[in-house]
Amino acid sequence: MAKTEREINSGSSAMIDQNLKKVYDDLAGEEVPDRFKDLLAKLKQQDSGAGDSK
Amino acid sequence: MSGSDPREQLVDHLPALRAFAISLTRNGATADDMVQDTIIKAWTNIDKFQAGTNMRAWLFTILRNTYYSNRRKQRREVADVDGVFTAHLSEKPAHDGRLQMTDFNKAFVKLPDEQREALILVGASGFSYEEAADMCGVAVGTIKSRANRGRAKLVEILGLSDDEPMELTDSATMAVVSAGGKSSF
Chain E
19 MAKTEREINS GSSAMIDQNL KKVYDDLAGE EVPDRFKDLL AKLKQQDSGA
69 GDSK
Chain P
96 MSGSDPREQL VDHLPALRAF AISLTRNGAT ADDMVQDTII KAWTNIDKFQ
146 AGTNMRAWLF TILRNTYYSN RRKQRREVAD VDGVFTAHLS EKPAHDGRLQ
196 MTDFNKAFVK LPDEQREALI LVGASGFSYE EAADMCGVAV GTIKSRANRG
246 RAKLVEILGL SDDEPMELTD SATMAVVSAG GKSSF
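Protein sequences, first through last, are from chains E and P.
Heads up: the first sequence is residues 19 to 72, going by the working numbering.
Heads up: the second sequence is residues 96 to 280, going by the working numbering.
Be a bit skeptical, because a hint or two may be false.
In silico negatives: residues of chain P with every beta carbon more than 12 Å from chain E [stated by the list, open to error]:
no.: 1; residue: Asp100
no.: 2; residue: Arg167
no.: 3; residue: Gln195
no.: 4; residue: Asp198
no.: 5; residue: Glu209
no.: 6; residue: Lys248
Footprint (simulated), chain E over chain P, 3 or more residues, beta carbon under 8 Å [stated by the list, open to error]:
no.: 7; segment: 104–111
no.: 8; segment: 130–138
no.: 9; segment: 146–155
no.: 10; segment: 225–232
no.: 11; segment: 249–255
As a list, the in silico DSS-like pairs of lysine-lysine whose alpha-carbon atoms are at most 30 Å apart [to be verified]:
no.: 12; chain 1: E; residue 1: Lys60; chain 2: P; residue 2: Lys239
no.: 13; chain 1: E; residue 1: Lys62; chain 2: P; residue 2: Lys136
no.: 14; chain 1: P; residue 1: Lys143; chain 2: E; residue 2: Lys60
no.: 15; chain 1: E; residue 1: Lys40; chain 2: P; residue 2: Lys239
no.: 16; chain 1: P; residue 1: Lys239; chain 2: P; residue 2: Lys136
no.: 17; chain 1: P; residue 1: Lys168; chain 2: P; residue 2: Lys205
no.: 18; chain 1: E; residue 1: Lys40; chain 2: P; residue 2: Lys205
no.: 19; chain 1: E; residue 1: Lys55; chain 2: P; residue 2: Lys239
no.: 20; chain 1: P; residue 1: Lys168; chain 2: P; residue 2: Lys201
no.: 21; chain 1: P; residue 1: Lys205; chain 2: P; residue 2: Lys239
no.: 22; chain 1: P; residue 1: Lys239; chain 2: E; residue 2: Lys39
no.: 23; chain 1: E; residue 1: Lys40; chain 2: E; residue 2: Lys62
no.: 24; chain 1: P; residue 1: Lys168; chain 2: P; residue 2: Lys239
no.: 25; chain 1: P; residue 1: Lys168; chain 2: P; residue 2: Lys143
no.: 26; chain 1: E; residue 1: Lys62; chain 2: P; residue 2: Lys201
no.: 27; chain 1: P; residue 1: Lys201; chain 2: P; residue 2: Lys143
no.: 28; chain 1: P; residue 1: Lys239; chain 2: E; residue 2: Lys62
no.: 29; chain 1: P; residue 1: Lys143; chain 2: P; residue 2: Lys205
no.: 30; chain 1: E; residue 1: Lys62; chain 2: P; residue 2: Lys205
no.: 31; chain 1: E; residue 1: Lys60; chain 2: P; residue 2: Lys205
no.: 32; chain 1: E; residue 1: Lys62; chain 2: E; residue 2: Lys39
no.: 33; chain 1: P; residue 1: Lys143; chain 2: E; residue 2: Lys62
no.: 34; chain 1: E; residue 1: Lys39; chain 2: P; residue 2: Lys205
no.: 35; chain 1: E; residue 1: Lys40; chain 2: P; residue 2: Lys201
no.: 36; chain 1: P; residue 1: Lys136; chain 2: P; residue 2: Lys168
Please keep in mind that the hints were generated in silico from the structure rather than gathered at the bench.
Quick reminder that beta carbons are idealized off the backbone N, C-alpha and C, glycines included.
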């Protein structure tokens with residue numbers, strides 16, 4: 019019975035997930051550019067500035 | 096009458112959101128544009144966020160929907176990979192020395208978007224298959240299949256196999272990568 023998807027062994031699979039986590043954690047550990055915090059501050063300011071009824 | 100504005104939580108998810116965006120787009124400028132769009136959409140549609148549900152999942156969903164919708168509009172399957180993905184990351188090898196991160200990253204960026212997305216969601220961000228399926232709007236089996244195909248492809252590109260010790264030198268990996276899929280089984 020042919021397998022539709024190639025099985026990979028659990029060792030390789032675990033190693034891949036370990037590397038995926040490292041890639042993701044490295045990226046998530048980077049400093050977030052100021053532009054995003056500035057954007058949030060601007061959005062907040064806009065909302066409080068336009069204080070009329072919703 | 097909820098105590099706190101959920102919009103106050105947005106800032107806490109920015110690092111993860113940006114990591115997801117870079118993983119998905121593989122382009123720093125595109126990733127940051129996606130994050131910006133997502134912040135604005137989340138802010139203006141905060142009433143659609145259900146309190147008590149996973150805000151990170153909600154934000155990731157907005158971002159990936161924005162990305163795929165742009166991709167469709169541009170009718171462009173080949174992304175502009177600018178090296179941000181490999182350049183930003185530390186060069187130090189994994190602690191067990193089995194894989195060089197740069198090799199892994201070079202292999203990872205070659206995967207189709209959907210497989211890369213599935214792997215990041217379930218393999219790295221800690222979402223369950225069910226959550227990932229929900230976020231991507233597909234069946235659980237589809238996410239499993241994408242993740243499995245992605246893992247299998249990485250194993251192939253990196254030249255890992257069941258009966259060989261998982262020891263990779265840089266040159267061996269580079270040879271596999273530059274051979275461009277001419278590997279024989």
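(request) Quick one: which hint numbers does this structure break? Sort them smallest to largest. (result) 1, 3, 4, 6, 9, 10, 12, 19, 23, 26, 27, 28, 29, 30, 31, 32
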